[in-house]
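If you want the building blocks of each chain, they are given just below.
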Amino acid sequence: MFVIFLFNAIRFSTTFMFGCTGETITEKGGNLNLGIPGIMCVGAVGGCIGESIYLKSLSDISRINPFLAVLIPILFAMLFSGALGMLYCFLTVTLRCNQNVTGLAITTFGVGFTNFFITLVDRTNFNVASKSFTKFFPIQDASNWFVKLFLSYGVMVYLAVIIAIIAAIILNKTRLGLNLKAVGENPATADAAGISVTAYKYGATGIGSAIAGLGGLFYIMDYLNGSWEYSIDAMGWLAIALVIFSIWRPNWGILGSILFGALYIAPSYLNVSFSQKELLKMIPYIVTIFVLIVSSIRNKKENQPPASLGLSYFREERY
Amino acid sequence: MEKAIAIQMKGITKRFGEVIANKDADLDVRKGEILALLGENGSGKTTLMNMLAGIYFPDEGKIYIDGKEVVIRSPRDAYNHKIGMIHQHFKLIDVYNAIDNIILGESFYFDEAANKAKIASLKKPEGNESRKEKFKRNIKLLAARLEKAGAYIKFNWLSRNRGEDIRAIADKYGFAIDLKKKIYDMSVSEKQTVEIIKVLYRGADILILDEPTAVLTPQETKRLFDVIRNMRDDGKSIIIITHKLNEVLSVSDRVAVLRKGEHIATVNTAETSETELTEMMVGKKVVLNIDRAEPKNPIDRLTVSGLSLINKENVKVLDNVSFTARAGEILGIAGVAGSGQRELLEAIAGLQPAATGKITYFKPESNEAVNLRAKTPTQIREMGVRLSFVPEDRLGMGLVGNMDIVDNMMLRSYKKGKFFFVDRKKPKSLAENIIKSLEVATPGTNIPVRRLSGGNVQKVLVGREIASSPTVLMAAYPVRGLDINSSYTIYNLLNKQKENGVAVIFVGEDLDVLIELCDRIMVICGGKITGIVDGRSATKEEIGLLMTKGRQMEQSPSTVGQRG
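Listed in order, the protein sequences are those of chains A and B. 1 is the number of the first residue of the first sequence in this note's numbering; add one for each residue after it. 1001 is the number of the first residue of the second sequence in this note's numbering; add one for each residue after it.
Just so you know, these hints were derived from the structure itself, not from any lab. Among the hints, a few may not be true.
[Said to hold, decoys possible] To give a feel for the contact side, a few chain A residues facing chain B, derived at Cβ under 8 angstroms: (1) N186; (2) S312; (3) R315.
[To be verified] Here are the simulated lysine-lysine pairs, BS3-like style, with alpha carbons at most 27 angstroms apart: (4) A:K173 to B:K1182; (5) A:K301 to B:K1312; (6) A:K300 to B:K1312; (7) A:K173 to B:K1154; (8) A:K301 to B:K1068; (9) B:K1191 to B:K1181; (10) B:K1181 to A:K300; (11) B:K1068 to B:K1003; (12) B:K1082 to B:K1191.
[Unchecked claim] Away from chain A, derived, C-beta distances all over 12 angstroms, residues of chain B: (13) K1062; (14) D1077; (15) G1306; (16) D1404.
Just so it is clear, CB atoms sit at the ideal spot from N, CA and C, and this is done for glycine as well.
So here's chain B without its partners, still in its complex pose (with noise of 0.2 angstroms):
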């Protein structure tokens, strides 16, 4: 049975600049359908869906929705279409609680049609009326007529105890959340629990989510897959952006493809493979395994015990971490977002001064045993120590933003070259040289980094860490929001750190890449250690178990210290 059309896009075009996102883009939605939206990073699926979430306006095309002509050109006028979208990077404010965020920026709305008839009625006389009746009934003229201003007051006064709608269509989908609560308290899935509330509270027919499941545990991205079938049920059309195949092919009625920003093909779930989208996605076909070679000569090069960090929220962030990354191995580290990873990673490349334990590491020439806790970046690289480090933050703590890409070449080697005198001849052919062979989409070396897509800017980040020829390189979640075609690059060239005998420490998040691609994986959670398994034998469940143990007992002191 077909179901009717909601969303139908027609000939999208959008430009920034000299780049174009979208080239004469077409999309149609139905009713009642989960649709998948795929398309390697940089192809404008994202940018697509702003323009129909009022974020971006288009330069050319139509957009129609149940089969009449709109435009939209403000976020408000996609929640008068009813259409709500939920951002990859949530909008939501930190010092509001649910409601607050939930409420924020609804319109009044007033039955003007339903208050004048009631007026009309109240105006004319019923028969032979006493005077107490005709009392009565100017009162009542006099209160309906006020009813527009009460119900204005009534709309712009915050009451203590407002949210009650909100908690009603909480407990329709069946979402467990306190709305009470600020968001700055929130767990990544609770906030994201909050963005869909809101779009369903401004009534939406068509959700747009984007990226939803990146940050989420296997356990919570099932249970947000439920409601979404739940919300589809009900007569939704729900767009779904993604990079993770296997989620497209579970939940999805439908896929689109799009591909450098044009649509390719929409086809049926139930009729196409896994191969199929991916050759749709990449233009040509594309082997998607990953070569794990047997670890060559595996020596211990850096060494970690007893390490522990309590952060300036006076939360145990690691508790006692040890472990130890060889040569010429890939050790994974699993774990939900926010178990420590991040400190763990910060601690040995030098930027948690107050870290307490041991951090030592293996000089490769003489196997001369190195201290590396209580060190800065400078001291550690000044040992002769080559530690490279992919901070999950690209933009925040790995590039800057607005400097292009030889000056953030540079932030490697400002202090090369004569004099005062900067050196920008080598930081320049290497800049080109990764542009080359990482096949980097930018226009030129001069334009600031923040303005690439998310890939390209990891491209180029790792690309600079491992020019630096490191011994130990760490990355963490290195391929967050890139596609299919960039994660694997990413991959093969930690592949061949490995094969080159450096020790490689991998944060992931997909747990299946971690299987396929490390030679061992150390499962943290709560900034403990539950465990290290070897990636040839080990299993999703296995790991995903030892992800959550003891998580309930970790996380409630810490919310609480939090909240008092």
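Same shape as in the complex, but just chain A (with noise of 0.2 angstroms):
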């Protein structure tokens, strides 16, 4: 019984695991993208999209390929929230609009454009093609504990991972993390230092919002099975509070996000009524909010949140 909800906890926090590792990726680089949950509707139904243009170049269901089924979509996925996280970058950076009030925007905007589109996408057959992203390893012995919680997950479990793996690697053991991390603390400073803070912002963002975008993919593709339903944005926001979490940390996100995702089923597995479960469903926000509050009495540098997070950088700026 234990070992299921463990199963379903980090099956259901991949979503999200997506989506933090890309909003830090986003944040470290000094902008605060509130578009995530509209990005992550919008890579959802990118992925859908691809995943329907493949469907239909086949001649016969039966010839589906596994590898082209998982892989197309993730690119459309990829493509599509990338493309939104660049039209971010766009504004805020280029034209130097409001952080706070763009990110808004872009998941209005990404929810409606997700809600109109996904009634154009015909997916018919799309339960069979979800086959190819719940199954990746051959061996699927439920009995055995160790084979359910390590080995039976679908390919997208094991991408949110490593991702998140390589994500804290690079921030905090390469070049290319300490210069981004400048970017997101002091642009002038690393402008001076002679890093592009232009192309740094734009390659976090869009690589940023690429990742996330994946998450809404996965929701519905694998976690849902091929069925469409309108509460992505709901993920997203729980990943932005993720991000807050894992104190701007990716390898703390893998962590965060499978407590989160454990707290947020864990009403189905008790014997509670309708109201309870929605005031169960609560406590990752409490949690996330007993995080910062206990981040900011501690008051330690390095766990604060990057310097000008959420501030345009201009630098012919007169101070």
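Join the two chains into one complex using the hints; note that each chain is given alone, in its own frame.
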């Protein structure tokens, strides 16, 4: 029973693990992208469009190639969400709009865009295509707890963990990460040191958004087995809360995601009424507020948000 | 002997909107010399240098390096031309240690030509070689081909023992610094050292220092000048921007003077004098002395006794401070920056409610004693205490950068007016008055104060504070970053207040000025008062000693506490 609970928690958490990693990368570059919920929606619809195009090209559904059935939607999801991230960047970095307002606008736009275009996507046979997502390792022995907990997920679960670990390594161990964090902390300093602030901001936001978009795709194609649900943006807000919860560390974000996932699905495993369930679903947000308070009381410089988060940079600004 | 010219700037013009920062300015810097760049505030010194450093791009004009014309579009270009600038406001990342700050933004360099030559030589077999030799040669060839990738990975991967070559540079020029220390744990002079090592590490031959001594003690300044002379003897060119004429005369080889964005003249330091330089800077003869009148009828106005304060980081920033400020007298406060001056003034102004001890104000009309401790600024004002405070952080605590001059005047009077409508007429005429009487250079009353230069911002702030006709006027570093002319305007304003019977408390950093201006000088060190001396008989050395008394004792426990 507990193994199944943990299995489902990890599976569910993958959605916002993508979102959290993507948003952490973005925020490390100093962009507070509140458009993540919208970007995850657009990633989902982009992936569905890709899957639909691929399925249409098949003469017979039984000739489906599992590799392509996963890869094509992933590429489409990253393309769509990355493009929306770039739009955000164009507005905030090049045109120097307010980041909060732009982010919220992107979310509203992304959700609307998704809700409209998903009606135009032909989703027949998506349940078949979804099987390519949910099976990765050939062994699926439900009785062995080790196999169940570590080897029985779909490919994107492993992908999420790998991306988070790579992101953590790049941020902490490489010059790329050093430069990116400098841009987020103090763009004027980074600029004077010869770092292209604009390039780093575009790069971080574009890549971060593309990663976040995968979260939306995973939610539809893996977690919901190919059926559609209009609740991806809720996962997006959880992802943003998670960035704070993990104090801007992608590796902690993995554990944070699993904890959030467990808290989110726990009510279904408890014998409680519907209204109590909704109350219990608030726990992740309360935990986030708690973490914010604790990290702010402890006031350790390394655990604070990037210093110039949410601010635009213009080199010739006079102070 | 004429030295070769390293950099030449010709006909440089830079505009910010309607404001012309530099107009047709020329400048040349020779190899192995220290050039001082002198000018009033807003005369475009920093702007001109920022164009060399790639922060700004000139609208007109040309820059030549070693006789060749160059275009500097970004800081990276500047580094490529071996120009490094140490900005007035340090450009360092607080949460990084010294090493990470120094290697930040470094670009990857690989000697392609040498690698190609190596590959080419390995490709050719050496006469008749055995199979074993051929195999060895091919392995070497493969290694050579992968050399670039290897160097790239090594460059990008931040290993734990990095920073050995930085250590070498620090040792060469005699910098004593802990490279693993985080910037937020560092003192101002340590931060400056990191900045200097950074530009040296990036291979700069031309170093620009923007007001490097503004925040240093006399001893630290001396050490910095020794380092600068060391670098000059090493063949590097150094441009130093400063307002302090005595420093210009003691350290530089030549002086270039700017006025209103134009280059006036470049003279040899040995052949000039303080008065000549001032004349060139200001464009007219100025009298550089402060009249210090004897205090008239000095009665106690403000008494502080046993004031202590522990800040949020649990460090004791004020320790049993006691003194008296008298009406019609200027009380100077000397001390190394961050010794508790700021907290002391804030405690008096009602911004540090946690302070313990006594702060007593004596009303001028009745000599009635009023307690000021643990009162908010509004309460203090409502008790009829006319206290003015010119904080060191002008645009943070004193003025609102994005608001115009009139609105900033209203910060003092927004509660006046009918019903909930504010009265804008009086602040507007006050603003116009200040602009006229203090010669504030501004296009009008409606521009955000953040767009004014530092000196003009300060004039607006001091003007507003004086306009409320205070009985106690506290000013923290009111001339920081101001040119001579504006500084003397401020000194005269303070003097005038003193003559009007105001108790003036002046926190300063230039000891010469403190000695010339103040009636009494109180020295603070590590939150403790180490002495109160008479301004008429005190010497610089005496004050300097008091400033560092017991400093080592104070510092070590607090830094240990912060790190843990």
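Exercise. Are the Cα atoms of K1082 of chain B and K1191 of chain B separated by 27 angstroms or less?
Worked result: OK: K1082 of chain B and K1191 of chain B at ~21 angstroms, within 27 angstroms.
Exercise. Holds or violated: K1191 of chain B with K1181 of chain B, Cα cutoff 27 angstroms?
Worked result: holds (10 angstroms)
Exercise. Is G1306 of chain B truly not at the interface, in the sense that its beta carbon sits beyond 12 angstroms from all beta carbons of chain A?
Worked result: It holds; G1306 of chain B is separated from chain A by about 29 angstroms at its closest Cβ, greater than 12 angstroms.
Problem set entry | 27 angstroms Cα cutoff - pair K1181 of chain B, K300 of chain A | holds (15 angstroms)
For this session: Decide if the proposed pair is consistent with the structure: K173 of chain A and K1154 of chain B, CA atoms, cutoff 27 angstroms inclusive.
Result: holds (11 angstroms)
Problem set entry | Given hint R315 of chain A near chain B, where the shortest CB pair must fall under 8 angstroms | holds (6 angstroms)
Exercise. Checking the smallest CB distance to chain A, is K1062 of chain B really beyond 12 angstroms?
Worked result: The claim stands: K1062 of chain B keeps its Cβ more than 12 angstroms from every Cβ of chain A (closest is about 20 angstroms).
Problem set entry | Restraint outcome when S312 of chain A is required to lie within 8 angstroms of chain B by C-beta distance | At about 14 angstroms, which exceeds the 8 angstroms cut-off, the nearest Cβ of chain B leaves the hint on S312 of chain A violated.
Problem set entry | Straight-line alpha-carbon gap K301 of chain A to K1312 of chain B, limit 27 angstroms | holds (14 angstroms)
Exercise. Would the pair K1068 of chain B and K1003 of chain B pass a check requiring their Cα atoms to be no farther apart than 27 angstroms?
Worked result: holds (17 angstroms)
Problem set entry | Given hint K1182 of chain B paired with K173 of chain A - CA-CA distance at most 27 angstroms | holds (17 angstroms)
Exercise. For D1404 of chain B, is the shortest beta carbon distance to chain A beyond 12 angstroms?
Worked result: Check passes; 16 angstroms lies beyond 12 angstroms.
In this structure, the hints that do not hold are numbers 2, 8, 14, in rising order.
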